Amino acid sequence: MAASQRFFRAVQSDLVIIEDLSFNANIGPDCWNHPRPQPLLLSVAIEANLEGAGRDDDVNQSINYGTLSKELLALAANQTFPDMETLVEGAATRSLSKLAPEEKGYARIVLTAPKLLLQDAILSLETTRINGEPLGWGTLWDWTVNNWRVSVLIGLNPPEREAKQVLIFDVVLHINRAVDLEACKIPDLVSHLQKWIDTTFYLTLEKLAAEFCERVMSKQQQIDSVRLKISKPSAILNAKAACIQVYRKRK
Numbered sequence: 051m052a053a054s055q056r057f058f059r060a061v062q063s064d065l066v067i068i069e070d071l072s073f074n075a076n077i078g079p080d081c082w083n084h085p086r087p088q089p090l091l092l093s094v095a096i097e098a099n100l101e102g103a104g105r106d107d108d109v110n111q112s113i114n115y116g117t118l119s120k121e122l123l124a125l126a127a128n129q130t131f132p133d134m135e136t137l138v139e140g141a142a143t144r145s146l147s148k149l150a151p152e153e154k155g156y157a158r159i160v161l162t163a164p165k166l167l168l169q170d171a172i173l174s175l176e177t178t179r180i181n182g183e184p185l186g187w188g189t190l191w192d193w194t195v196n197n198w199r200v201s202v203l204i205g206l207n208p209p210e211r212e213a214k215q216v217l218i219f220d221v222v223l224h225i226n227r228a229v230d231l232e233a234c235k236i237p238d239l240v241s242h243l244q245k246w247i248d249t250t251f252y253l254t255l256e257k258l259a260a261e262f263c264e265r266v267m268s269k270q271q272q273i274d275s276v277r278l279k280i281s282k283p284s285a286i287l288n289a290k291a292a293c294i295q296v297y298r299k300r301k
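Quick note: the sequence shown uses this note's numbering, first residue 51, plus one each step.
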């Protein structure tokens, strides 16, 4: 789902949205472990009162998305970032600067790195920052791994025990506290999970999902919850896919 669609469906307030601002930036090592610029997509949604701008047809009573997009591009172009997290926090700070200090509102940021993972998957980091309410580093981060295509031995039928089938994983990893960054490297976690999945053979998607969530929780103590959807395109002849979705929270 596109970032703007999530914003549109999830809130009941006015928003100014920039969807999929495209640029290259250095956010640390790429999938080949080389620190160099790579393609990124940045989406921003800022809560703001747009009644005055709508009444008077006056952009000065809104947030000028053209100006903000130029400032975000300049932010990405003028420095090297050690990781995605630093760029996301910088974009949140820049976005909230468009609100007056006393103005209520928030900025929601989604940074997508479509080429960061060597696996066939798309990595994104999403966070929300509220104007005037500083939060600790790592607070309220959602890491997503989308459209992760993995070949797996799975199924009840004899042919399924002989040939691997493609499954599609969509994962949301939620962090709700300050973290030790050195201990919470999501690309390393994805690589670990890929190697583990290659060794599995379960009869059901439900068992695979349960073991997946348990492994995530045991591998990364900083992750508070996992939302996982597994799709099996080959399961039903006349359907796009059969899917299950689970949510597991750390106890």
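Take the hints with a grain of salt, since some may be wrong.
Claimed, not checked - Using 27 angstroms as the maximum straight-line C-alpha spacing, the simulated DSS-like pairs for lysine-lysine come out as follows:
(1) Lys257 with Lys279
(2) Lys279 with Lys214
(3) Lys257 with Lys235
(4) Lys245 with Lys165
(5) Lys282 with Lys257
(6) Lys235 with Lys290
(7) Lys154 with Lys120
(8) Lys282 with Lys165
(9) Lys269 with Lys290
(10) Lys257 with Lys290
(11) Lys214 with Lys154
(12) Lys299 with Lys257
Claimed, not checked - Per label pair, the in silico range of CB-to-CB distance:
(13) Leu206 with Thr178: 17 to 25 angstroms
(14) Ser63 with Gly116: 19 to 27 angstroms
(15) Gln129 with Thr254: 45 to 53 angstroms
(16) Ala213 with Trp246: 27 to 35 angstroms
(17) Leu100 with Pro79: 39 to 47 angstroms
(18) Pro89 with Lys154: 32 to 40 angstroms
(19) Leu100 with Glu212: 56 to 64 angstroms
(20) Asn74 with Asn99: 32 to 40 angstroms
(21) Thr136 with Leu206: 41 to 49 angstroms
Quick caveat, the hints were computed from the structure, so don't treat them as lab data.
Bear in mind that the values here come from a model prediction, so they are computed numbers and not experimental data.
Don't be surprised by glycine CBs; every beta carbon is placed ideally from N, CA and C.
query: Is the hinted pair Lys282 and Lys257 satisfied, with a Cα-Cα distance of at most 27 angstroms?
result: The hint holds at about 14 angstroms.
message: Quick check on a hinted range of 39 to 47 angstroms for Leu100 and Pro79, using CB atoms only.
response: 41 angstroms, holds
- request: Take a quick look at whether Lys257 and Lys279 sit within 27 angstroms of each other, Cα to Cα.
  value: Holds - the C-alpha atoms of Lys279 and Lys257 are around 13 angstroms apart, at most 27 angstroms.
Status of the given 17 to 25 angstroms range, CB of Thr178 versus CB of Leu206: 42 angstroms, violated
task: Evaluate the given range 32 to 40 angstroms for the C-beta pair formed by Pro89 and Lys154.
output: Holds, since Pro89 and Lys154 (Cβ atoms, about 35 angstroms apart) stay within the stated range.
- prompt: Okay, Ala213 versus Trp246 on CB: inside 27 to 35 angstroms?
  reply: Since the Cβ atoms of Ala213 and Trp246 sit about 20 angstroms apart, the hinted range of 27 to 35 angstroms is violated.
task: Sort out whether Lys154 lies within 27 angstroms of Lys214, counting only the CA atoms.
output: Status violated; Cα separation ~52 angstroms.
message: Between the beta carbons of Gln129 and Thr254, is the distance compatible with 45 to 53 angstroms?
response: Given about 48 angstroms between the Cβ atoms, the range holds.
message: For the hint 19 to 27 angstroms, verify it against the beta carbon of Ser63 and that of Gly116.
response: 22 angstroms, holds
- prompt: Given the hinted pair Lys279 and Lys214, is their alpha-carbon gap at most 27 angstroms?
  reply: At roughly 19 angstroms apart (the allowed maximum being 27 angstroms), Lys214 and Lys279 satisfy the hint.
27 angstroms limit on alpha-carbon distance, applied to hinted pair Lys257 and Lys290: Status holds; Cα separation ~22 angstroms.
query: Does the hinted range 56 to 64 angstroms hold for Leu100 and Glu212 at CB?
result: 59 angstroms, holds
When each numbered hint is compared with the structure, violations occur for hints 6, 9, 11, 13 and 16.
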